[in-house]
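Q: With these hints in hand, go ahead and build the complete structure from the sequences.
At position 84 of the sequence shown the residue is numbered 84 (our numbering), and the sequence of numbers has no breaks.
Hints are not guaranteed to be accurate.
[As the list claims (entries may be wrong)] The list that follows gives simulated cross-link-like pairs (lysine-lysine, BS3-like), each with its CA atoms no further than 30 angstroms apart:
1. K70 / K39
2. K93 / K70
3. K84 / K70
4. K84 / K7
5. K116 / K130
6. K39 / K82
7. K39 / K84
8. K15 / K58
9. K82 / K8
No lab work stands behind these hints, which were simulated from the structure alone. What you are looking at is a predicted structure, and each value in this text was computed from that prediction instead of being measured.
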Amino acid sequence: MPQSDLKKIHLKFLKEQGPFTIACNHIIFSNEEISLLQKYGHWFRALENGELPPITEKQRLFVEVASGKKTPVSFEEYTWFKYKARLRIEEQKGDILYRTPTYIENGFYTRDDYNKQKKQMSRLTWANTKVAAQLKFKTK
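A: So, in structure tokens, the structure goes:
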């Protein structure tokens with residue numbers, strides 16, 4: 001198939017698919033990465049799955065990176081690699097990534113104890129500094 005026909009197929013595919021839905025938490029992605037995924041995510045997936053054949057050398061390299069044969073170099077490769085890794089992590093870890101840590105006081109060493117100890121240490125440090133300054137500048 002001529003390259004011009006393949007290019008038309010790629011462009012038609014991009015138009016038909018519409019925006020890509022990012023299926024993981026967006027927190028680790030920059031705005032540029034989110035925009036790239038929303039615009040080209042379907043196309044990246046189609047290149048990776050072999051649904052669309054790569055036309056350019058850059059697309060061939062992208063397919064090799066997506067299959068794990070090479071490390072990502074370009075912004076597009078890195079963003080797709082990051083997206084797939086995040087999906088894998090969320091699949092493995094489940095909801096643990098979305099839990100909020102909570103403080104449970106057990107009575108052994110409370111926050112008040114910490115604040116009292118901090119205050120005592122500050123006083124002691126100040127007192128020692130004051131004594132050291134007096135000794136240093138004491139005239140004979």
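Q: Evaluate each hint against the coordinates.
A: Hints, verified against the model:
Between the alpha carbons of K70 and K39 the distance comes to roughly 24 angstroms, so the proposed pair stays at or under 30 angstroms and holds. With a C-alpha separation of about 26 angstroms, the suggested pair K93 and K70 falls inside the 30 angstroms cut-off, and the hint holds. Note on K84 and K70: the hinted pairing holds, with a Cα-Cα distance of about 15 angstroms set against a maximum of 30 angstroms. Taken as a hint, the K84 and K7 pair is honoured in the structure, with Cα atoms around 26 angstroms apart against an allowance of 30 angstroms.
Our distance criterion of 30 angstroms between C-alpha atoms is met by K116 and K130, whose separation comes to about 21 angstroms. For the suggested pair K39 and K82, the alpha carbons sit about 16 angstroms apart, so the restraint of at most 30 angstroms is met. With a C-alpha separation of about 16 angstroms, the suggested pairing of K39 with K84 holds against the 30 angstroms cut-off. Restraint check: the Cα-Cα separation between K15 and K58 comes to about 21 angstroms, which is no more than 30 angstroms; the hinted pair holds.
The suggested pairing of K82 with K8 holds, with an alpha-carbon distance near 29 angstroms, which does not exceed 30 angstroms.
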